[in-house]
Amino acid sequence: MAFVRDLWYAAGWTQDVKRELLPRTIIGDHIVLYRTEAGEAIALSDTCPHRFAPMHLGKLNGDTIECGYHGLRFDRGGACVYNPHGNGATPRASHLRRYPLIEKNGLVWLWMGEEAAADPAGIPDFPWLDDETYAFTGSHTIPMALPCDLIVDNLLDLSHAAYLHPGTLGPQQGTKDVTSVRKEGTRIFSDRLIPGAPPAFVFTATGAATPDETVDYWANMRWDPPGSFYMDAGIVTAGGQKEDGRILSSVQIVIPATETSSYYHWKMFRNFAIDSAEVTAGIEAAVMQAFTTEDEPMIAAVHQRMAGREFWSMKPLLLSSDSAAVQARRVMADLLKPRHENESMEAQPIVAVAG
Amino acid sequence: MAFVRDLWYAAGWTQDVKRELLPRTIIGDHIVLYRTEAGEAIALSDTCPHRFAPMHLGKLNGDTIECGYHGLRFDRGGACVYNPHGNGATPRASHLRRYPLIEKNGLVWLWMGEEAAADPAGIPDFPWLDDETYAFTGSHTIPMALPCDLIVDNLLDLSHAAYLHPGTLGPQQGTKDVTSVRKEGTRIFSDRLIPGAPPAFVFTATGAATPDETVDYWANMRWDPPGSFYMDAGIVTAGGQKEDGRILSSVQIVIPATETSSYYHWKMFRNFAIDSAEVTAGIEAAVMQAFTTEDEPMIAAVHQRMAGREFWSMKPLLLSSDSAAVQARRVMADLLKPRHENESMEAQPIVAVAG
Amino acid sequence: MAFVRDLWYAAGWTQDVKRELLPRTIIGDHIVLYRTEAGEAIALSDTCPHRFAPMHLGKLNGDTIECGYHGLRFDRGGACVYNPHGNGATPRASHLRRYPLIEKNGLVWLWMGEEAAADPAGIPDFPWLDDETYAFTGSHTIPMALPCDLIVDNLLDLSHAAYLHPGTLGPQQGTKDVTSVRKEGTRIFSDRLIPGAPPAFVFTATGAATPDETVDYWANMRWDPPGSFYMDAGIVTAGGQKEDGRILSSVQIVIPATETSSYYHWKMFRNFAIDSAEVTAGIEAAVMQAFTTEDEPMIAAVHQRMAGREFWSMKPLLLSSDSAAVQARRVMADLLKPRHENESMEAQPIVAVAG
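Protein chains in written order, with numbering that gives the first Met the number 0: chain E, 0 to 354; chain X, 0 to 354; chain W, 0 to 354.
Chain E on its own, in the form it takes in the complex (with noise of 0.2 Å):
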């Protein structure tokens, strides 16, 4: 299977990157990170050239890094500095690849194509996740043995929330919605509507509403390649403007480690009970049941039960609400083809086929 390199992906969250060596792996690149005396975050390759030891598994030396099998020694740039062995010569044609890494709204991206074609313009923005108006919970990642596509598939068709999330984030089943969906450039956005309908869990259990009162919801996503998904969300008294509501909206970002496991980054943020920290752990509760005991068990037992196979040769049952997803999966295809194909677009992706 093919993973489209010329990509920016989330490593994690800045402050993930540390004194400390931090193994990643991304579209099937073992990457290590870690962050130098004077504060730049650093990724490189994390199989040392020598005897192919994890590079994570030995120590920080200074702003090298110290393979812990034979000593090597790569600095920040990954070229190898220091050989304890024989005549001390350091070999210059082997060195570890360095990951172009830039930090930006409290995370850490890297860009796995070619490094001149690394722009930064291609970096979603996140600005809520820099405004202090908000309460937020933590900065999440959770690792998942599941393929990024059908987390994707989750989190662009909302609808399954009221089926998977009845007691948690999912509004009552029955209810309607109103979905519209459209895309821009290599982004799609799927806005829902859900008017008049009981509060969900979330919001009663967090004192965000009563359970007698009826609320509009809006739940409005924005996704960019491969999983990058911006959720502006939340309710209002039935009826009212948006203007007046009460926000939990989210940056919810999935990306492929492997063929069959994922990185997920995740953090929400509300304009209510600002101050309350027993608001931040219950949403935290929520939605972290919601995601290891809902999503992740129902996605684990369709990729089981797809066994391997490539999702449209399983000829699916298409419906009105797999109109994003069945979009975004189009975007994924057509960024995977080669570059001749693709001569009226800009940004023209290259393609790696995992090792």
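Any given hint might turn out to be false.
Same chains, same label: a pair holds when it works inside one copy or across any pair of copies.
What the hints assert, rightly or not - Derived lysine-lysine pairs resembling DSSO-like cross-links, with alpha carbons at most 30 Å apart: (1) 58 to 175; (2) 182 to 103; (3) 175 to 241; (4) 58 to 314; (5) 314 to 175; (6) 241 to 17; (7) 182 to 58; (8) 336 to 182; (9) 314 to 241.
Since the hints were made in silico from the structure, they are not lab data.
Add chains X and W to chain E, keeping to what the hints say.
Relative to chain E, chains X and W alone:
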């Protein structure tokens, strides 16, 4: 590898199909079973045609089955009758496959081939299961991580009992038996007699015999493809008549779940100590010990040792005691042949390759 | 992948072959070892030719081995000598393969090639194991879920000790060594000297040296294919003569079980604190810690990182310290070549592909 589709497979016991969703995998097909409000047993494909969620993760809604991921509902015929999304149109083209199902002698049988070819006369009869003069054990189903053919081999050569089951079901090592094998259509009989031997543990432990008694054993096996056994068995005082014997017979039905896993349905019945729950429990304990701590590890070791190789390719040494098992393998090979090679057979099988 | 069959493989230690059935898998062959009543060590195929049951699940019956599934018995030559079934005829054509076996220096060696080519002169000698002037640790065998070649690489480049074993067996990081490598036939010698360094933990912890002492280390490795090591090693007060040194030598023999698993036989011996069981226990503890918590996880990580790729295809960066390991890989590659390409070699190997 291939399975014979044009056969009736015992999915389980009548009592196990209830107002709940019961998943079973049979010759690679994922199936969900349930009972309607009126009591009819239903078997449908366990894979939602929309996003491939296992239907058994959903719930019953009257006589319809509702997918737990996005809420589509299907009726007992497999038709989609409710779509909560968009304009609510129900997709005619997509449906769950319904498997012909017949309940007989307390067993639930599914036809895995084309519906038109489903002839109830092909279901093996087990009238003993309906005979209230016997005392019965429970109706058991054991999932086994073993291929069906190796379990059938085990059951069609009971000479292993003296070596593998010396402390449970088997006669003393070194006892001599007289075995005759005959074939009628696709049915095989293997009749075994052991004259003048001490009784096995299962008989002495249940008071059916005394340790110092000398008995004649009989064990007459009737096999139907792929693994349906009626075992007419018991002991009688040496030289006595079978009619005077202590019967400990059984129905044992093995079906393939996948290439490497099976279900083992079993139930024993006897004509002694009819009212003793203690004797029933003693028999169940001895049988479970024999099946799961003696047979299963040995067959698993054989399976591992074969390492995926085809049985005949390993050039097995054949003994006279292999006669019935070898004939059963030939029956299965014949049933797997395309129809045109079997023109003289009335029941012409079709073949499906496992996914 | 291929193994060299025309070699002697150390199946284990003499004391481990007893009046019990001992299974070992060597270059993919399943083998069962036992000792006759007269004390002869026997190695037979561990797979019954009848139904492929592992013979080690059966039992000894005098000098014969009885299959635990259907009771066939085979003598120490591998011939079937008893068939309890039918007319009792014993099948001449089928037998268990018998492996030529020689016990030498307390080790049990098996010849895996054609019997006619088995020359005892090809067994590496380890006379030190018979030298009663030394104090010995126990005779250990560790099954390792690692391919043999990566363990051999580890042992033929002891420069890793300073990085991987700083708190157990290794010298201080940054110590300089002088290493010379030479090849004699298929045997490789790698002699290593570290002048003027603090003694390793294993020496100070056992009272063989004081922490403030300055010592010279020697570590002379002798390798025979596929993984038989004699390591002549120890320390001496800096500038002293090796004859005055504290010897801590070892025999370490690694053999492939399968492509991805091995047995690691090891035994250490010393010329100091001869009568101290406490020192013996201290050495065993340090060695086991180094092998199982330092070497094994690192080699496993390398193995996982290689992901099934062939070593040379990954274009490893070679350092001067890789010299011995690279030469050993070349010896193994030569031994794997068909005979006609090696006409000048006296010992012409044959090759078997793993099943």
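Results for each hint:
1. 58 to 175: For residue 58 and residue 175, only the inter-copy Cα distance (21 Å) is at most 30 Å; the intra-copy one is 55 Å.
2. 182 to 103: within (24 Å within a copy, 57 Å between copies)
3. 175 to 241: Answer is within; shortest intra-copy Cα gap is 18 Å, inter-copy 71 Å.
4. 58 to 314: between (49 Å within a copy, 24 Å between copies)
5. 314 to 175: For residue 314 and residue 175, the Cα distance is within 30 Å only inside one copy (27 Å; across copies 59 Å).
6. 241 to 17: neither (39 Å within a copy, 48 Å between copies)
7. 182 to 58: Answer is neither: 46 Å inside a copy and 36 Å across each miss the 30 Å cutoff.
8. 336 to 182: within (19 Å within a copy, 53 Å between copies)
9. 314 to 241: Neither: 39 Å inside a copy, 60 Å across copies.
Hint violations for this structure: numbers 6, 7, 9, all remaining hints satisfied.
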